[in-house]
Structure formats: structure tokens, C-alpha cells
Amino acid sequence: MDGKKILFGAAYYPEYMPYERLDEDMAMMKAAGMNVVRIAESTWSTLEPKEGVFDFSFIDRVCDKAEQEGVSVIIGTPTYAVPAWLVKKEPEIMVLTKAGRAPYGHRQLMDFMHPAFRFHAERVIRRLAEHTAGKKAVIGFQIDNETKYYDNMSEQVQELFVEYLKERFGSTERLNKAFGLAYWSNSIADWEAFPSMRGCVHAGLSGEFDAFRRHLAADYLKWQADIIQEYRREDQFITHNFDFQWKKFGADIAQDGYSYGVQPDMNHYEAAGAVTLAGTDIYHPTQDELTGAEIGFGGDSIRSLKEEPYLVLECQAQAFKYWTPYPGQLRLHAYSHLASGAAGMLYWNWHSIHNGYETYWKGLLSHDLRTNPAYEEACRFGQEWKKLGAETLTIRKQNKIALVVDNRCLTAFRWFPIDKDLSYNDVVRWVYDSLYELNLECDVVDVEALKELGALREKYDMIVTPALYSAEDELIEKLRNFVKDGGVLFSTFKSFVCDRQLSVYPDVQPHGLTECFGISYNQFSEPGTTTVQGQPVRYFMELLHTEGAECLAPYEHKYWGRYAAVTSHSYGKGKAWYMGCYTEKELLKQYLLQAAEAAGIQKAEAEWPVIVRSGINPKGEKVHYLLHYASEEGSFVCPYQRVTDVLTGMEYREGEIIPLRDWDAFVLVETC
Amino acid sequence: MDGKKILFGAAYYPEYMPYERLDEDMAMMKAAGMNVVRIAESTWSTLEPKEGVFDFSFIDRVCDKAEQEGVSVIIGTPTYAVPAWLVKKEPEIMVLTKAGRAPYGHRQLMDFMHPAFRFHAERVIRRLAEHTAGKKAVIGFQIDNETKYYDNMSEQVQELFVEYLKERFGSTERLNKAFGLAYWSNSIADWEAFPSMRGCVHAGLSGEFDAFRRHLAADYLKWQADIIQEYRREDQFITHNFDFQWKKFGADIAQDGYSYGVQPDMNHYEAAGAVTLAGTDIYHPTQDELTGAEIGFGGDSIRSLKEEPYLVLECQAQAFKYWTPYPGQLRLHAYSHLASGAAGMLYWNWHSIHNGYETYWKGLLSHDLRTNPAYEEACRFGQEWKKLGAETLTIRKQNKIALVVDNRCLTAFRWFPIDKDLSYNDVVRWVYDSLYELNLECDVVDVEALKELGALREKYDMIVTPALYSAEDELIEKLRNFVKDGGVLFSTFKSFVCDRQLSVYPDVQPHGLTECFGISYNQFSEPGTTTVQGQPVRYFMELLHTEGAECLAPYEHKYWGRYAAVTSHSYGKGKAWYMGCYTEKELLKQYLLQAAEAAGIQKAEAEWPVIVRSGINPKGEKVHYLLHYASEEGSFVCPYQRVTDVLTGMEYREGEIIPLRDWDAFVLVETC
Amino acid sequence: MDGKKILFGAAYYPEYMPYERLDEDMAMMKAAGMNVVRIAESTWSTLEPKEGVFDFSFIDRVCDKAEQEGVSVIIGTPTYAVPAWLVKKEPEIMVLTKAGRAPYGHRQLMDFMHPAFRFHAERVIRRLAEHTAGKKAVIGFQIDNETKYYDNMSEQVQELFVEYLKERFGSTERLNKAFGLAYWSNSIADWEAFPSMRGCVHAGLSGEFDAFRRHLAADYLKWQADIIQEYRREDQFITHNFDFQWKKFGADIAQDGYSYGVQPDMNHYEAAGAVTLAGTDIYHPTQDELTGAEIGFGGDSIRSLKEEPYLVLECQAQAFKYWTPYPGQLRLHAYSHLASGAAGMLYWNWHSIHNGYETYWKGLLSHDLRTNPAYEEACRFGQEWKKLGAETLTIRKQNKIALVVDNRCLTAFRWFPIDKDLSYNDVVRWVYDSLYELNLECDVVDVEALKELGALREKYDMIVTPALYSAEDELIEKLRNFVKDGGVLFSTFKSFVCDRQLSVYPDVQPHGLTECFGISYNQFSEPGTTTVQGQPVRYFMELLHTEGAECLAPYEHKYWGRYAAVTSHSYGKGKAWYMGCYTEKELLKQYLLQAAEAAGIQKAEAEWPVIVRSGINPKGEKVHYLLHYASEEGSFVCPYQRVTDVLTGMEYREGEIIPLRDWDAFVLVETC
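Residue numbers (my numbering), protein chains in the order written: chain A, 1 to 672; chain B, 1 to 672; chain C, 1 to 672.
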């Protein structure tokens, strides 16, 4: 990445092509303004068709052609799909999960801890890195792909987990106490008696096991990165394709869904240490359901990992029947990625594949490999990007709001769901989407990253915790001090309930923050017919006693009318909001806005479907991406003294009305 | 139990406490009028942390403190959750089910038939009994907990089952014939060919296997009771916590549901022989759905086991979000248990547990371990009970209606469901709840208990059989004679269809009772749009020919209009009703009432939500519990010449209106 | 089959009877006009109670009595349910599927490829055939029953599959290419590396495996037929009971459902070579949902296998609650089978079974084994048939429409569903039922049968392809030529997408037929709010560009309005329709009718619920079955110059109104 151009391209699999098309593909890519391809990930059986026999010819062909055309190449290590010969030789490298030994066929089902897997993976990675690091076109490496721990329950993982617990807790007494193992006779007096995790029903211990396995997955990426380090040039980056928890449309067997929320099986923040450039894939709902929120959430999450521009390694031009973009949507998406701070964007993938599991996970080209409306729209903004370049389009942000997320909370709710229809990520997205729709930009910050910050007030004015169920005293104190120091804390129900071992605090809720919020509660309920401000409460409600707080809204109910639903409270120099129940987004937004105002945070006047996302480009200009997520026309009153839409050259002054077409996008650069 | 005081207390787990609180807990219990704790069940890993190493210190501490405070203790044998060391040593004690060997972690997943389990269980029971039987505070023992057969499919169980069949049927010819095994080539000519029950698709044989395994579970309890017998004092009872089939709210993963109907995996009547005092747990639906019917059904079932006051070993003060009692509901529940004839009631449990599987199966205390609305309400009726005592509050009944239930019918419908949305227990509850709501009190009688009675007329005036699908000729004859002798029989569809091997009788239905009911049928149907008295028929309808019976209501349908839906018939000195289809409760109630009137059974004028349940207390007084299951106010016209509400001292005379607050309770004692 | 009488009878299981009833049963059968029983299939444990010990006594008894009564007997080989002794001896004959080794108990779970199974099966078949072939009453043999491949995944099957692939593709390079195995590293360089099919995620390879296993199942039937050939008399037929994909009502556990569409686990056309007479079972939905379409679809499918009259070996008189026929429905059904070209019909089964899995899969007799409305109705048409005979009632057809079906398309959509609520068979039935309701009679033709035809124009005027997803170039060319030659082709969405390895064609869709249809597309979509002619589009829509075709209807949608939904196009001497989306049947019918008219196909004026199905009887008369699928009365204007209803002797002339009672049936024979 030379920082001059926005990376624009696609994952490219010449080895999947039904016939030779390299020249034609490159020509079509160039015509679309594309300048990068990602290759080789998941091609192990092509790279090493037999054990120890390597064939780099398809890589050479692509790299040579790319170099000739001035196209850059990202080399993926091929480890996330193993060749059949390896499994014939070493059947135990297939992962052993709760469901038994995985059968060969699908990707990502290996036991990446297995020595035999590591031996063979290391060899192919070394050979590939050695072969490609010197190539001029190669600008970086992607290690593995969408790595997770694949519910690895091998004996080795079990043993390592026990070692980890020994180290962490020292004695079985402390272990028993920390997780409350006396319950149902699960306590042990010798480490030898520690049972297989397969049948574990202790949420806390199970959550610890999940966290431990996320460590293993992060370590595995680190191991790959260390190998690549030995070969890569200084100008070559190492990246990884971090993905999000998936949500199915509930329609098809394999071919549906989109990027929804926090990834349970990998901790992005922990793993980000292995890479020099954060990368991600972001998929989204069907054309009729587009809001841009996934691009916002994913971008705000991945950008916050390193606080640097990041690469969208996979996004989607066309797919199964649920993603056939309307005119303008692809271009709008592309600008939305830049608006979140992306340094570039690659489609997954260049061409629709003609067979295999993802036949209908379509590419920019349809199966006919010819031009089509999606490709034509890509050509349009590809050319725009080429012209304007990264100096204008890439932005950095200094958001004053942090939305705090946490894997451990996510997995805790698998054991103790708030409601079967309300997962952790539902709450996270309820809050994130409300901020997004209000045009209140935020960082999405892993709780571990928050802990590593010094004084929170130096960085943020407002911290939002959706269902931060598990929080240790140290973090709670930090948040308390944040409010004391003038910060605004906004927390929802199910925050600050238990420690990191998921033991509920044996004192008044919300633990350690009753004075800060000015409330307490020791009861909660299914809402039944309860309303707040006339709106139905759904899924869950805590019965809040105000103890100093202002009751912003009480519950409306014969018996629960005496309790508060939403409160705010001044504490030290700051203020703390508490939202005790789940409602439609409208109510939540009202209180988030109130809190943001108290935190002194400015926002654009517009609300969704008009989205404004801002930052500073390398030239130091203030850039406002104006995005219109609607199939109808709309308008936006220019709030800036003077801006130029660099896409059209049009100039707008404060108060002027900017007419918005359906699925429209503007890049407004402040000019005074 | 000295018979003077109502037992009131809680399950108590000091070993689960996050910090030492024994003194504080006992003080809070005493303040609430509590006088008993149940301890030690499920604490094996605490009692015997390593093989053969015993530690009774937590038991001693509780017992000592309890004795000092005048609180009684029930000691539970700890066998329903096994320690990890035992499973490490003897992995095969984990039960082998249809799903394979159960993994360690959850409770109640052991193979209680396994010799190694028995060896270790016996040792810890003996040591515990020996250690505690002499303690003054200890008033009784609970053997195991909610015991069932856990779908045990071990080789040993298979072999014992074959032995049992050999003994029962003698020859394979008779076995083949009894169960119709020629079907699909399942007949055998040698016992050696008897196949594993794992793949059995013969409903009859499978039902026999289930019944056999219920025997094993009952025998296992007997085995525990025999051990305790060697140690207990004469004044110490042996009890067991019988539970009911569970119904999920369909909301959460583990933390929801309530006591619904007949327990499929244990026969209460069969197992009751092992204990000297019947015990049970009764859970109920969410605060908005409370009717009291579960307390009625559970109480009428457990009381009928021994026809003695029984102990509610577990009931619930607070729980997951579905049980956050409204003011008055806890107290109403408490009086409802007494109204069914309970001798006492313990909460499960004293305090909410801070970790483990049942974190949100809350106790009387919330996780903050302080006072709260539930605890405060318990204090109120705890003090009331203490003042009034068992002499006033405990009642005995002589109900004239028997509702007949049967495990074999229950499991038969798993193979041949009436409808996917209508289980056996749905029919049982449909009928029971109708009686309950009409204030027609009944005994809930196991079919085996009914068989052991002499002449049924001596005890009952009316017998009700909901879906008594499987009935042998002897029982059918007994029922026929009951009607001949002047009794009233009320049966629903799917009664008297097959014998105990689930072979459908090859003659006219209802088998052996066509003359008694004055009907026959050989067709049944999905109701479609059929109605009866303008009400929709749901799930199932039999096309009844009247043959002497009065057609109380025909079906309303183009083709089925020629058939009767509900009939009654005089037979001998009695009368028999037949309800050929499922309808809303209103229609059923109309006919039940008719039948009860014919049987000369008196009932209170009131209907649900006003519930009246009556009996005679040890002082010989007539006691009428008046319970109001409504969130609105109501009233009750006093039908008794003169009664005193012993809770308030208020006196009421016949015809006076007793005003009822929401969720109100009265204990009316007749005073002339 | 002497061709003189319609076969009318039942499956008969004296060995399941609760008591001896042979004489009584035969008398009742005769009274009903029945003349055939099918016996012995699934009776292995009765025939050979111990290894090598045979007992034919129950067969002899039935055959002797049948001969005496002039009733014919079909002998079924007993192999579809194995005896317990065999599984004790050879546990590995239970089939190994994806779910593991099947447990003993259920039928059809054996590994019919296993040598031990074959050894024992051969012995019992030979002994049975030898014993029965000489009996006068025996008119034919049924080999096995409803044979499928039972998801057989044994090592042997895996090895045979690899052999088959080797032979078919020669090299691993060609294999990799054909199925695109490079995807996710599944390509192999040695045949030894070929992985177990258990985890295969390549739709194409998996589809090939399914097809291969259908071959094995067909070969197995061939193997049985070859054995029977050695014993049977020339006048004895060999048949098999082909069944259809099942659709559950979604109500009960085991006892619900009906014959719905193409059988995925057996290719009827391939297997039909083994038999001399095609046989089938056809079950149908509940009495309120009867349309006759299942009898039409099943009949048109099975008749087309050999283009000869076929035998309905199983149909249903009564069943679980979902099939309690209204007066007239049984008779209507019976005539409907004849109207499709059946040569006879047997009920499954004679009597309701009193135990076992199918207790409520009732027979003509209810469990009481006496007369009942179903039996009485059977008596009526049994006598009618006896009187009229096959010479009058059996018909042959020469349909001019072919509806093309294909197993490979069916299984392909399991991997790439059109929508979770729209299966292949849903599309097939959508089209078939539309034709049926329009009274446009068709053959249902397996794609392999179509390929074997010479010029399609010689036989058909119109070919309809519902979702013919997978089609090789040769077939496509054949269809193209069919249109060129003057035929009418009517195809729906998802036709002509990929080759037989399920590789999508890398050129413009519909592959090879863009000129024929005059359209192309490379995008498709979830319909959202799209409508066509004001009717909602459901599940799926292709965005069609017209390239010469007439747009019969465009999509109505803001963005998709530019695309065609339905098109027609003249090509050569013929014409081609393309239906790009799924709609309610009304729209489809409109275009089918248009196409049929263009093809010069005549139809009766009536539409469902009045059904007319026609043919020529052995006497050369034109016969029109007139069937009325309604519970209300209706009428039909006679379109024939002069016909006689042979059931009543009534004569009708052109233009006369024939009044139709509810569920009425007529057999109109043209008399000039």
C-alpha cells in the first residue's frame, strides 16, 4: 500500500475457472479501475497436490500478469482448507468437537493444534512465502482466513486448558471457589479429577474454556505471522480476514446470511497483534433491507483494533437471490466503507464459481463471466477512486463515543439468555444501530482494549455498554472514575452483573455502580403487558429503585409502576444513564441523544436514511461522507460553511439544500 | 414433624455461598417464621472430596446452628450428582442412553444400576446417615432427588429386561403374540435373538421397557430407603422429592418451565412404598399466567399416594424472569399448598446461587442476599403459620371424585400422538383443570392404585378417565361394576382402546364398555371445521354411534352430523358419560358438572378465579381455604352458616359477601 | 392378470391377526368384489423363524383358501424387513449411514450390498419362489418393497463409487475438473487420496454419489428379479411397489403424510427394467384436502415407465385421523386410479393392525374387523368393477404433453435450494397440478427416458420442464430441435443452468436455449414486493432480457420493471415459453393454456374440481372418466356427441348438462 491509491479489487481464483481467462479477467479488472487481487488462500491442494510436491505455476502466472498490468497481489496462506492426502495420512488432524471427529470436506474443520497439521502447514507456508515474497506485485500476505477455534475439544486442548487453569488458579480449592464447582458435585480435590469439558454445565467454566480456545486461535495466527515475518519485505503487510458473527436470513441451507455482530469464536482484539494491517469481511442483508449498519458496525470495530485504516478483504457485489443490488447500491456501499475509514475494498469474489459449496455466493461477474449491471457500477466508482485517490478519500477519525463489546458476555448469554429471541449481539446491534441511525459516530471497543487505555476521559466523552454482563471490579472502578472525571456512561440492562468467572456479584446490582447510576435493583421480570411511554417493553425488564437518580420514565403496569425503567444521574463531574429494559429503538435513541448532548457531542442534523460519517484525510481536509440509504429521493441541509462534493465538483454552502437521489453518495470536503 | 407446626423453610446450600453467612441466614429465616432446612442432597463432592475421604463439617455446622435456633433439618442423600473423581475411576457409571454414553457434568446422568455406582453410593449414604441420624435437629431424610430412569439402555438393563420378559411371558411365542412382533419381521424364535431395545419400533414393547425401567428406578429408591432404615430414629421420616412432567415456556435454554403433569420416567405410586412421607416439588407458570392449578394437580396427586399430609420439598419464591411474583401471589401460593393438604412447604432455595447451571433459578433471597419483596411477603405468612399452627391449618380430605392417570397411557401417546399439539398430559390437565376451576375437588389416582382398591363405590362416587388408552379387561370390568353399583363414570376419547401391551382390542370400541356407555365407534377423524354446540372441535374426534345412550350433542358437520360428540347413559344403578372429542374447556365443564350433579357431589357456588378447597383439620374443624387467583378485586357469597377467617379473625355468615382483594387468601373455619 | 378383470384387493397379513379369521376375511373380500391379495412381503421372521428353518404354512393356508375362492395371490419377497436372528449373527448388515450404524427394529435399514445379507436374502427368496411359483392362485411376484438406497455409506459402497468414478473419468485431473474439486482444496492427485463421501460438500460430487447409489438400488432389484425369473411361470408377473417422495402433514410423529413427488432415493425409470409390470403405492392428503392430484401425478408417472397399465399395489381406505373418507371419496378415488390407466388397485391393507408401528395406518377394516362405511363403499364399486370388467374400464392413453422430471435436479436443490419453502417437488407439483386442474393430460417422463426417445416430435407436441436445473448439451440440443420441428417447449425458472456434474455453464443462461426462448439473463432475485399482473411473485425471480421473445408480462417493481417475467418466442416451426418466476397457480395456468393451444392440444372445457381423464379401452372405445372433487354439487356440459355412463346406463348428448353430486364419478363411453 503506497497510501496513494485506494485498494480496489477482488479475490481471484484462476484455479476455479472453467477455462483460461487470465488476460480477459485482468483487462476487465483494469477497466473497472481495480488495482489488487487476493489469491492463493484455500488452494493447498493445488499448491501441494501431493505431499512435498509443490506447484506454484498458477501463482506465478497471476503475479507475472499482475506485475505487467500494474496490479498488486495479496498472497493468502492456504491453510484454512486442507488437502485430502493430508487427512488420509493423518486422520486425526480433523478437529474433534462436541459432535465427534469432523469428516473431511468442509473448510475450517482442522485441529490447528495438532503437531502433524502444524508440520505440514508450516512447510507449505514457508514454501509459498519464500516463493512469492520477492515478487514485485506482492504487496502483502493474508494469514489463514476467518480463523476460529472450531469447537476444538481434543485431548490436547483439554490438557492445555487444565495447565492453564492450574497456572491461573494455583489450587483446586481456588478453582472450585472461583467457578462455584461445588454445585452439583462438580468440585474436585485433585487436578487429576478434572473432568472432560464435553459435558460441562457450569457457564463460568465453559466461558473460560471458550476464552482459552480463543487464545489458542489467536496464538495460531501469531505462529503463522511469525513464519511470514521471516520472509516478507518491509513494505509488505501482514493481514488477516476477521469476520463477524453471522446471521442467517433463515431461508436457504448454506447460502444465506450476513455479518451481524461480535465474533464469538475469535477475539479480534487479541488476534490483531499478529497482523500489521487489520482486515475484515463484511456481508449485509438483502437489497430491500439495506441500512448500511453492517458496514458501520464492522468498520467501526475493525478500525478500532489498530486505529488505522483497514482493508475490507471481502465484500459482496452479488450473491444468492438475497443480494441482487439495485442501481446505486453497490456504489453506495463502496463509499460507505471509505466513510468508516477503510483503505480499500476487495470483492469476494471476482467471478461466480461454477461448482462447489459456494456456487451461489456470486462474484462481481455472474456465471456467464461477462459484463452485467454490478460490474458496470463497479467500473463507475472504480474510476472515481482512481481519479481521487487515497489522499482525498481515506479518512481517520477521533470518535468521542466508545461502544464496549465483549466475547465473554456473548458466550455467557448462551447459558443464560435474556430471551430466546434476544441474543447478546441483538442488544449490541440495538444500541449500535441506534447510534448509527442518529449519526452519532463511535468506536466499537473490545473490553480488553478499554482496560489497556489509561484514563478513559482522555480519549472518550461517552461510553456505552450494551449488556456488559461480566465485568471485573477493576473495570467497574475505571468506568466509575470515567464518570467522576466528567464522562457520560450509558449502560443497558444486564450490565455489571457478574465477574469474569460469571459468578454473579453477591451484592446490590448494578455491582459497584449503584452510586454512580443512583439506582439499585434485585428483581427483574418478563414484561408481559408493561409499557414505557406508551411503548411496549419487550423481552426483559429490571425493576429499578431510584436512589438519587432521576426517573426518566417509569414502567406503566399495575404492579411494576412503582419502578423506574430509565434513569439518569449526575455523579462527580459526569453523568450516567441506565436503560433497564428493551424497547423499540425509538425510545432508546431518545435517551442516547440526551446522553450525547450531555457529553457535548455534536451530530449532524440528519438521521437515517441520511447518513453522515466524517474524518480527516491525509491532506488534512475535513471530509464528510453523505450517504443516502433509501429508494426514495430525499434531501440534506448543508450544515458546513462551504463544502465541495469531490465526486461531482458541486459546491454547497451552509443552509443550502442538497438533493439526494435514491441510494446516493457524496464526498463533501470542507473548503474553508 | 411433631404435627404441631407447619413446616416452613427452604433448601439450604451453605457450600454454594460466596462467603460465610450461616448466622445471618438463620437469623433471616427465623425472622420469616421458618423452622426447617433441607441440606446435603447433591453435595457428594463436598461430603467425599476424594474417594473414601469424608468431610461432614458443613453439615455439622448447619445442624449445630439449627439445633441452637430450634430449626429442623432434613438430610438429603447426595446421590443425584456424582463427583468427578468417581467418574474418572469408573467411567461406565455414566448412563448409556439412546444418545450414547452421557458426558460428565450434568446431574442425574448416572447408571444407578451399575455395581460400582451402588458400591460408592452405599458407602456415602451409610456414612452420612450414621453421622446425622443422632442429631437432634434432624427430623428426616430425603433419599436421592427427583429420581428417574434417565433413559438407561445399558447392557445390564437390556439383560434384566429379557429376564423379566422371560418370566412374564414364558415363551417367545407368547411374547411375539402379546406384542405382535411378527410385524416387520421382529418376531423371535429364541430368546437369544431378542434384539437391543435401542432401535425398537414396537410401541407396546417399548412401553413395556419404559415400565420396566420405572420399576428399576422405584427399586433403586427402595434400596436407598432400606439403608436409611438401618440408621434413622423412629421419629425421623424418609421422604422423596417426586416431580412432575415438565413443560417449557419455550423461551430460554435451561431456565424455564413448570410442573405440568404425570411424570413419565418414574411411577410415583410404585415408588411411594419406599418412603414414610410423600414429598414433591411444584413449580408453576409466570406471574401473569397463575391459576393455582399446578398446586392443585400436584397436591391432589401426591396426597393421594399415601392419603396423608405431604411435604412440598421444593416450591419457588422467585426465579428467572418468568417468575417475579406480584404482591400477594407468594402468600396465595403458600395457602394453596395447605389447601391441598400439605403439611409444610420449603422454598427452592433459600438464596439465589451465584454460578452454575441454575444461576437464575432464583431463591427467596436475590443474589444480593438482602431483603426483598418476596422475602418480606414470606415473613408475613411465615408468622401467620407460626401463630396458627398445624392443628388449625393442616387438613385431610375425603374426595368423592377420582381422576385416573397412568404412565403407560402417557408413553403410548409418544408413539401414537392424538395430535402433535395434544399430549397425554394435555388431556389430563384439560380435564383436571376443568374440575379445579369448577371447584370439584378430586383425588388424582394412579391406575395401579385404583386396581388395588376393593369395590370402587365404597370410596368414590365419580371416576373420571382422561384418555385412558390402555386398560386391561380386569380394570374395565371393575369400572363397569362401579357404574352398575351406582357410580358415575366420565371418560374422554381415546379411553379403553388397547390392552397393557398396547394391542388394540379387536372388537368394538370402547372395549368392554359399549353397553355401559351405550355407544360404539369404529371411526375417528381430524375435526377440520366441525363444531359442537357452535364451538370448534380441536385435534381429534371419534364418530360415536349411540346404542342406547342419549346424544348430549351431535357434531355439526356436513358428513359427521350423523354422529354423536358427547353422550350419557344410565347403566345399572349408575350413569356413564363419554366425551368423544376435544373442545374448549367450557363445553367439557358443562358435562363434568352434569355428571357430578348426577353423582350427588356438592360444590361451592364459586368458580375460578375464586377457588375453594376444603377439609378437616386435626381439631376436627371444617376448614375452607378461599383463594382468589385474580389481579382484580372480586367477591364470594359465604355459603357456610358461620365461619371465621382465622387469618383476620373476621366472621362471616351465610349469604354475606366476602370481598376479595387481588391474589387474596382466607382460611375459613366453620364455627357452627 | 388375465386382462379380463380389474384387480381389486388388499395387502393381507394373516400373521398379524389377533385370532384366526381367514375364512371370514375371504368371505368379506368376496362380498366386496375383491379378487386379489398381496401377501408375504415383510414376513421374513415368520417364513424363516430361525436360520435355515422355513415355515410356509401361513402362505399355504392363504393360497389354498384363495384358490378355493377364486382369489388371486401376489407373493412378495420378504426382504425389506430383516429378522432379529440375522442381525444377531451378522450385525454389519444394518446399514451404515451418515448418522452411523442403524439400530435393529425399523424396516428398510439393511445394507443390501452386504454379502451376508445377499446370501441370506437369496436363500429365502429362492425357497419362497420355489414353494409358491407352482400354486395356481399365484399370479405374480412383488420383489422387495419401496426399495431405496437407505443412505448407504458403507466402505464397500465408497470403494465401488471410486471404481465407478475411475471408469467414468479415467484420471483424477478429469475428475477434479468435472466437479471443480480444486475448490476448498478438495482436488486429488491420486485416487488413493479420494476422501470419504461422508463429509463431501461438493454438490456435484454428492449428486453423483446419490445417482450412483440409485444405480445400486436398481441393481439390487434386478438381482431379485433374476432370481424370481428362474422360478416363475410365464403367466406370472414380476412387479415392484415404487413409491414417491413423502410429504408430512406436520402433525404426528410417524403416522402422517402422503405421496408428493419424484422419489429421490430410487430412479423409477432405471429400476423399472427389472419388472414386467409397474406397480406403485399412492397415498393422499386428508379428506378435506382431496384434489385427486396425487393419483394423477403418481399414475401419470408410473404408467409412463412402461406405457402399459400398471398396478396400484397400495392405496388407502382409511388411516390415522387425517384420512377418514367422506361418503363417495373412496369410490371417487378408485375410479381416479382407473382414469390414470391403472389395471387394478389393492388397499393397504385389509385390516387395521392391532400393534406395531403402523397401528393407525388403518386398513379397509377398522380394528374391530367388522363392516364399516369404508368397507361398505368398497363393496359398491367392487361389484361395479366386477360387472364391467377390464375390457371396459382399463384405458390406454397417447398423451401429447410430456412433463419432464429428474432425480439429479431434485438432489441438486438440496444443496442450492430455490427457497427453503420451495423444493424441486414443489415446483414439479406446481406445474403438474396446474396441468391437472386444467384437464391437460400429460405423461410424467424421466429425463433419461426422454433421452432414449428418438425424435421428440414424433411422440409429443408439448414438453414442459419444471426447474430442469441440470441438463447436458445433448439433451438441450434435443429440446432445441423439438421446437425447431414444431414442438412447444414450456420451461420454468432454474431450467438449463448446469451440466450433469452440476457445474453451472459459464455462458449466458438459459444455456444453449437463449435463441430458442429469445431471452437471456444473468441476474435473479428474491422477489420482495414484486408483482406480475398484480399478483405477488414468490420465492424466486429471474431478471429476463428479451432478445426476440415477446414479453408476456413484465415485473412490476421500481427497479426490476425493465425485465420480463414471462416470455414466449417462435423458433423454427415451434414456439417456446419461459416462466421466469414463481407465482400463484392462476398465472401459470394462463400461460400453460396458451402454450397448449399453440401446440394444438384439445382439452375438456371443464376445470378442477371437475376432472376429465380419457383413453381407449381394450374394446377400442373412447372412455372419459368424469370425476368430481368437491363436497358441493356441480355440473358438466357434455362435450361428446353421445356417451353412456356405464355405471348407471344413463346416456348424454353433446350440450346436455350432467349434474354432479359431491365426490361423484362417471365412466362415459363414447357411443358414436
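Among the hints, erroneous ones may be present.
Copies of one chain are not kept apart here, so a pair can be met inside one copy or by any two copies together.
[Claimed, not checked] In silico lysine-lysine, DSBU-like type, Cα no more than 35 Å apart, as pairs:
hint, residue 1, residue 2
1, 484, 4
2, 603, 558
3, 420, 247
4, 177, 88
5, 4, 558
6, 387, 222
7, 148, 420
8, 88, 397
9, 98, 148
10, 89, 420
11, 451, 89
12, 478, 4
13, 484, 387
14, 177, 248
The hints are simulated quantities; they were obtained by calculation from the structure and are not laboratory data.
Just so we're clear, the structure is a prediction, and the values are computed from it rather than from any experiment.
Verification of the supplied hints:
1. In the homo-oligomer, the alpha carbons of residue 484 and residue 4 never lie at most 35 Å apart, since the shortest distance is 44 Å inside one protomer and 58 Å across protomers.
2. For the homomeric pair residue 603 and residue 558, the shortest alpha-carbon distance between copies (33 Å) is at most 35 Å, but the shortest distance inside one copy (39 Å) is not.
3. Taking the shortest Cα distances, residue 420 and residue 247 sit within 35 Å of each other both inside one copy (15 Å) and across copies (16 Å).
4. Within a single copy, residue 177 and residue 88 get their C-alpha atoms only as close as 45 Å, which misses the 35 Å cut-off; across copies the closest is 21 Å, which meets it.
5. Taking identical chains as interchangeable, the C-alpha atoms of residue 4 and residue 558 are never at most 35 Å apart, the minima being 64 Å within one chain and 39 Å between chains.
6. Taking CA atoms no more than 35 Å apart as the test, residue 387 paired with residue 222 passes in neither setting, with 37 Å inside one copy and 70 Å between copies.
7. Within a single copy, residue 148 and residue 420 get their C-alpha atoms as close as 24 Å, and across copies as close as 28 Å, so both meet the 35 Å cut-off.
8. Proximity of residue 88 to residue 397 under the C-alpha cut-off of 35 Å is found in neither arrangement, the shortest distances being 50 Å within a copy and 56 Å between copies.
9. Taking identical chains as interchangeable, the C-alpha atoms of residue 98 and residue 148 lie at most 35 Å apart whether they share a chain (15 Å) or sit on different chains (25 Å).
10. Within a single copy, residue 89 and residue 420 get their C-alpha atoms no closer than 43 Å, and across copies no closer than 38 Å, so neither meets the 35 Å cut-off.
11. In this homomeric assembly, residue 451 and residue 89 never come within 35 Å of each other (Cα to Cα): the closest approach is 45 Å inside a single copy and 43 Å across copies.
12. In this homomeric assembly, residue 478 and residue 4 never come within 35 Å of each other (Cα to Cα): the closest approach is 40 Å inside a single copy and 56 Å across copies.
13. For the identical chains of this complex, residue 484 and residue 387 are neighbours neither inside a copy (49 Å) nor across copies (52 Å), given an alpha-carbon limit of 35 Å.
14. In this assembly of identical chains, the alpha carbons of residue 177 and residue 248 lie at most 35 Å apart only when taken from different copies (31 Å versus 39 Å within one copy).
Consistency note: the structure conflicts with the earlier hints numbered 1, 5, 6, 8, 10, 11, 12 and 13.
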